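Please model the complete structure; the sequences and the hints are all you need to start from.
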Amino acid sequence: MIELKNVVKKYGESFALDSVSLKLKEGELVVLKGVSGSGKSTILSLIAGLLKPTSGEVIVDGKKISKLPDHFAALYRRENIGFIFQKYNLIADLSVADNIILPLIPMNLPKKRVEILLLEVIRSLDIEEKRESLVKNLSGGQQQRVAIARALINKPKIIIADEPTANLDARLSLEFIELLRVMKDANRTIVVATHDPLFFDLDFVDRVVEVEKAKILSCL
Amino acid sequence: MISSINFYLLGYALKAIYRERAKNIFIFIVFILLVALLASTLFLSSAMKREYMQVINTYPDIVLLHQRAMQNSTYDATVVDEVLTIPGVSNAVGRVHGKYYFAKADRVFTILGIDAFENYANPLLQKLGEKYNLKEDSMLISSSAAEILKRNYYREYFNFIKEDGSRKKVMIEAVFQLPKDITNANIIVMSNDLAREIFGYTPSEITDVAIMVKNKEETALIARKLQEQFINAKIILKEDLLRRYETIYNFRSGFFLSVFIITFFTFFIILYDKLSGPNSAQKREIGVLKAIGWRVEDILKAKLYEGLALSLSAYLLGVVVAVIYVFFLKAPYLKNIFLNNYTLLSDYRLELHLDMATLVLLFFVSVPLYVAATIIPSWRVATLDADEVMR
Ligand SMILES: Nc1ncnc2c1ncn2[C@@H]1O[C@H](COP(=O)(O)OP(=O)(O)OP(=O)(O)O)[C@@H](O)[C@H]1O
Ligand SMILES: [Mg+2]
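Sequence order for the protein chains is R and L.
Using my numbering, read the first sequence as starting at 1 and increasing by one per residue.
Using my numbering, read the second sequence as starting at 1001 and increasing by one per residue.
Simulated from the structure, these hints should not be mistaken for laboratory data.
As the structure is a computational prediction, the values presented were derived from the model and not from experiment.
Glycine residues also receive a C-beta, built at the ideal position from the N, C-alpha and C atoms.
In silico EDC-like links for lysine to aspartate or glutamate, alpha-carbon gap of 20 Å or less:
(1) K1015(L) x D98(R)
(2) K1015(L) x E132(R)
(3) K1283(L) x D70(R)
(4) K136(R) x E1020(L)
(5) K1216(L) x E1239(L)
(6) K1023(L) x D93(R)
(7) K184(R) x E28(R)
(8) K1015(L) x D93(R)
(9) K1283(L) x D98(R)
(10) K25(R) x D185(R)
(11) K184(R) x D196(R)
(12) K111(R) x E79(R)
(13) K1301(L) x D70(R)
(14) K1301(L) x D98(R)
(15) K1283(L) x D93(R)
(16) K23(R) x D61(R)
(17) K1015(L) x E115(R)
(18) K1135(L) x D1193(L)
(19) K64(R) x D1385(L)
(20) K52(R) x D1385(L)
(21) K1169(L) x D1137(L)
(22) K67(R) x D1385(L)
(23) K215(R) x E3(R)
(24) K1104(L) x D1164(L)
Reference excerpt, derived from the structure (chain L facing chain R, CB under 8 Å, subset only):
(25) Y1008
(26) Y1012
(27) K1015
(28) R1019
(29) R1284
(30) E1285
(31) L1289
(32) A1291
(33) I1292
(34) G1293
(35) W1294
(36) D1298
(37) D1385
What follows is the structure, encoded as structure tokens:
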């Protein structure tokens, strides 16, 4: 479903990725592990079409993502990708509902449709009673749920999480793992980049891929 | 049209304004001030120009004034015959007129002398002269002059204080309505002889000569001939007055200029500040939006809504403020700044009149600049690689 073929990403003379190949099946949960600077985020950006490889190809569902012009890459993300960032990257001064519907705004959907999609995610993540609260007034755990709700509202096939637990305490990290399990059970393809050991021996993780110095070392 | 507006995007843009409310309120106020100040100035000057032109249009083609010690003096009525001998002159009338200060009301009346046998350049005087046969001690007064007298309990007559200090009782023969364009003028029409008596002139003195020419194109030529013949005369051409209306305004007034410069300066600082943005939080926000599927054009559209909502509403409010200030409040203070000590008109009516050119000009010096300053920085960021939010 997702395939990276001999992908090279260079910044000037230095390699962020050096001939990386990787295949993910539909519904698979893959964890990318590796030290800081090894190239994990770069792989995620390439899958999301946020970056273009210097050479090689990124293919998702038979489509060459690496060749898409920016305009179409955005449309591709809108339909296929749900993003979970390290620091949530929510807009603190907007309400929970306003944050969650952000991915839908450019689609100019009818109000009814937006409301249905919104209710679905905020109910499943148990934040319905907070929908009009400002994000900055929420606890860390609630903010995390808002960030996940935003990633799920467009019903993406692929979920990309970059260091999702880097800024979380132990309790919230465990809570995230639980939510991750729910997403996995919904048969979404999930890629998590992390160096948090918590992810390395979870029973529902299909593969742990080690990235080191711009190369993929091993597939456990 | 309405159906193509993305209301969620509009909502996002309006909330973006609200999220930065402290800064945006400041910008909003400066914007309104700038537009209101510029619009007031332009509205006022064009309204004054219009009214000035209307009044000047009732003037004779040429006015001949005697100068003595570089000051306006009088002629003997015999000059009129001399003027009439100049080829191209179709009519010349010796006029007796002047200003009368009514101290108790602190108002100035314009006294115009007429003579039933003269042919006047001024259509109003022409009509009054034909309609009324003014007696030795009666006068015609304009409605606004009548108003002033009535307020001071003069309903049937008025006591003028003559040049020698004695009093002269003059009956009010009739009150007349001035044409719409000069309704506020306090005009008193009386016989030439009575006007001379009040001003203390001798029976053959005139204050100036109103000259009409046959062919308007010859006006300058005739003016030159007049100047040769009357070396000490000051010659005023209607066409010069029409052309040089700007001289009645004092555009370079220090007060006005400094307020103007300060406001403009502030506006440009705002533009500069916007152009040097966005800050790191805004950059991150743009990156997140791109990552979750916004196209560059979606981001720019949101910024366009944001810039337009603020600048357009500030522009419209600024114009409304200016309209109220100039046309309803009659531009207190600003009007005096514009008027020099010497003006041909003391009372401007400032009738509501919105000229499109002014509104369009104002729109283009404010709204597009602000919108551009809102969009351009976001455009710079939005077109960069969006993967920065990943770090
Ligand atoms: N825009 C850029 N310009 C130059 N170098 C870059 C850029 N983006 C990434 N790099 C380099 O590419 C390499 C891989 O970066 P990447 O962000 O993928 O690492 P990472 O594994 O995600 O690290 P971390 O664990 O710190 O997030 C790093 O050496 C980084 O410095
Ligand atoms: Mg990273």
